[in-house]
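Asks: Below are the chains, spelled out letter by letter.
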Amino acid sequence: MSTTTATETTAPRTTPSRPAAHRDHAPIPFTRLVSVEARKMFNTRSGFWMMTSIVLLALAATATTILFTDPEDLDYGRFAGAIGTPMAIILPMVAVLAVTSEWSQRSALTTFTLVPSRNRVIAAKAVVTVLVGVISMVIATAVGALGNVVGTAIAGVDPVWSFSLREFGQIVLANEIGMFIGFTLGVLIRNSPGAIVGYFVFSLVLPGISGALAASQQWYADNVGWVDLNWTTYKLFDSELSSTEWSQLAFTTTLWVLVPLALGLVLLRRSEVK
Amino acid sequence: MITVESLTKTYRGFTAVNDVSFQARPGRVTGFLGPNGAGKSTTMRIMVGLTEATSGRATILGRAFAELPNPGREVGVLLDASAQHAGRTGREILTVAQRTMGLPRRRVDEMLDLVSLTEAESQRRVRHYSLGMRQRLGIAAALIGDPEVLILDEPANGLDPAGIRWMRDLLRDYANRGGTVLLSSHLLHEIEVIADDLVMIGNGRIVAEGTKAELLTAAGTLVRSNAGAALAQALRNAGQPVTQSADGALHTEASAEVVGEIALAAHIPLTELRSAEVAGLEEMFLELTAETQREGAAA
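Those protein sequences? They're chains B and Z, same order as listed.
For the first sequence, the numbering used here begins at 13 and goes up steadily by one.
For the second sequence, the numbering used here begins at 7 and goes up steadily by one.
Bound-form chain Z, shown alone:
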């Protein structure tokens, strides 16, 4: 469980994190989504005590991070896979973590095994690692203490598609066993395949928050018919605003059930009826962050 309450971080007049509150709950993967520079990393650094909040607080398992007696046993943290001494071997980096936490030595080999780093790779210096290997090493270091909570900042960066799939399965399994996972990304697709809950942040503020299911519902319904104009009219008559895209698909905020009933009553055959899902969520993401995005600001 991670609880963030009214967190604010100001740098000389610039507000990087603005009154952010949310929870990441056990047994669920919480996706922390936002464009670059939205305040994700700053929020995560505050959670683990690397940055001091201007006001508000963050607790993990009910305590401030600095109060955890042996943090690595309760919270696995990966903020930047490249933030390691380049002259240290992967094995040594895990050994330092293992010894700091007071774990049995075999944990190092278990973790190397878990993240599929070979013995030879583990004895290479991190300087010679690819970004993907560094991410795997970072995940190994985060998991070595068998923590209840994971905080991962852009963990999929640098992983190949197979690696992303592997990580998704790993985190899913971890959450299913009761763990709390908070992971950030600036890529919607990456997050939506794994997250149960979403927290969207833009310009330091939370712009949307909820379970993925709720947010998908909010994204509305996509419906098609060969009698598009008649269907649009029927929906409008029923009090449902409709937008029509170039390819003829209609988009409405009504649920699929309501749309189906309206079409049935109007005797209009449908060719497609589904929740707007990806497209809707993406539109919402872009829309919600439009004012805050660099691209948006330029337009």
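Just chain B, same shape as in the assembly:
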């Protein structure tokens, strides 16, 4: 995406404006855009508290697990599950707002006059979204591990580490998919309340409709894995996927995330920023 910048420096075509003018400036590197977009996620009041709440909720979920779980049932998987639920809700919101706040707060006017390539800005936001997802999950895992050590020590039982790297990887992937559903809705709708409502319709309402359809239509029940992204993503949380299930996950992610995202980017590039 930086290919367009290579030829620019050659063209002081019209009359130079002032004697000392035409300092040729280096193009803005993509890494700088990523660091600026990362900063913008934290430097607003709402952004700061959203990020902080990820850690706070992980701690709260851990404390609740220690308090309300039978000591013999305590194992690492239990902590991971408790922390995973708030993550699965907050992380997509982070992804939605990373995109939509530019429009809802109208800062897009400044953003796109400093960086005219809207694709580069959105790509930088996507990179930051991936990083936030991974880092949040690492923090969650660490908090869960701490909870497991402390919780079992309080209960006087040996800690059980019933959690594999594969499971961790699958849960990270599931959360990243959730985030990119939010990101895609953000790019398509470009309005914070609208995209957030859209996300909850997708994640809470559609599974019900899909389930009802599967219960009444056998052909749908047989093929739900090729249609329902929520269904394929849930699989990531509780089992090792078969190769068919991986294919279904890839297909539904393409159908519900990649294709709409590509469409959204085309529309976003053409849209008028006011």
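I should point out that these hints are in silico values taken from the structure, not numbers from a laboratory.
Virtual Cβ for every residue (Gly too), placed ideally from N, Cα, C.
Treat the hints with care, as some may be off.
Quick list of simulated restraints, FRET-style, between CB atoms [unchecked claim]: (1) B/T76 <-> Z/E58: 50 to 60 Å; (2) Z/R130 <-> B/V146: 29 to 39 Å; (3) Z/T60 <-> B/V142: 51 to 61 Å; (4) B/I151 <-> Z/Q29: 54 to 64 Å; (5) Z/S281 <-> B/V278: 24 to 34 Å; (6) B/S58 <-> Z/G33: 37 to 47 Å; (7) Z/T16 <-> B/S228: 45 to 55 Å.
Residues of chain B clear of chain Z, computed beta-carbon distances all greater than 10 Å [said to hold, decoys possible]: (8) S47; (9) M63; (10) L69; (11) A72; (12) A167; (13) L185; (14) V271.
Please arrange chain Z on chain B, whose structure you already have, making use of the hints.
Replies: Frame of chain B; chain Z shown alone:
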């Protein structure tokens, strides 16, 4: 240097900007003047790539805006001082701009200083800023990259008289150092005290364009005499059409020099002779935009 060539923007049959061409030149302040809804903001948004033109093009320093490798270093833009994340502090907004452009960190403090925002104010969130403070912050953000060109949409909105004076001095100095300034306004008086060149737009079309001096000349001459009727007759005899206003002043399109000579030849003493200036320009502004203004349409 800003060059606008045959710019047209159509929205489903409505033409917001209609074949607009003009230049804003270095070392000069160009005033972009027109009533509300005339197409000023749309033209400016097209210049900086926020809106796509239907046809025609705009270049800045010889390039389309999207081709500038680091636009903030070449063009300072302030289109809407309120278009900022309300939950971000003023300092953070400047810091984001400073980092995006790859500038040294001290530029943030230099700019805060330049626009007279205090340290305490800079750490407040923009939500709590007055419109005047937002304009100052917006001007700081536009200038932080030390650009050669400034594009400002209604920058005087919300500034108090001292603030307007401050901005006028700032822009004058900027142009005197060789910068190009394009600023828009729907208020003639605001523009005419600062602009060297004027571009008047109404209903999406350019209705007048030129240096302020040229436009003032076009505005004609105002002349008074105790022998008003005789003077009017003398001017008409010399082939100069004259209009007389209620207070007895005569208005003619002839230059002050020509009017003086005619009066001398006719032995008529004058009590006042000057270029019509403000009144003339304002009349011209109202006249040129009359058909396009909402008030005009209703009348």
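Asks: Hint by hint, say whether it matches the structure.
Replies: Here is how each hint holds up against the structure:
For B/T76 and Z/E58, the Cβ-Cβ distance of about 52 Å falls inside the hinted range of 50 to 60 Å, so the restraint holds. A beta carbon spacing of about 34 Å between Z/R130 and B/V146 agrees with the range 29 to 39 Å that was offered as a hint. Remark: the range hint 51 to 61 Å for Z/T60 to B/V142 is contradicted by a beta-carbon distance near 38 Å. Between B/I151 and Z/Q29 the beta carbon distance is about 56 Å. The supplied range of 54 to 64 Å therefore holds.
Remark: the range hint 24 to 34 Å for Z/S281 to B/V278 is contradicted by a beta-carbon distance near 55 Å. For B/S58 and Z/G33, the Cβ-Cβ distance of about 44 Å falls inside the hinted range of 37 to 47 Å, so the restraint holds. Taken as a hint, the range 45 to 55 Å holds for the pair Z/T16 and B/S228, whose Cβ atoms sit roughly 50 Å apart. In this structure B/S47 is not separated from chain Z by more than 10 Å, as the shortest Cβ-Cβ distance comes to only about 7 Å.
Every CB of chain Z is more than 10 Å from the CB of B/M63 (nearest about 13 Å), matching its label as outside the interface. With a least beta-carbon separation of about 21 Å from chain Z, B/L69 lies farther than 10 Å from that chain, consistent with its non-interface assignment. Against the 10 Å criterion, B/A72 stays outside the reach of chain Z, whose nearest CB is about 24 Å from its own CB. Listed as outside the interface, B/A167 is consistent with that label: its C-beta sits roughly 43 Å from the nearest C-beta of chain Z, beyond the 10 Å cut-off.
The beta carbon of B/L185 is kept farther than 10 Å from every beta carbon of chain Z, the shortest such distance being approximately 31 Å. Under the 10 Å C-beta cut-off, the non-interface status given to B/V271 relative to chain Z holds; the minimum distance is some 24 Å.
In this structure, the earlier hints numbered 3, 5, 8 are contradicted, and the remaining ones agree with it.
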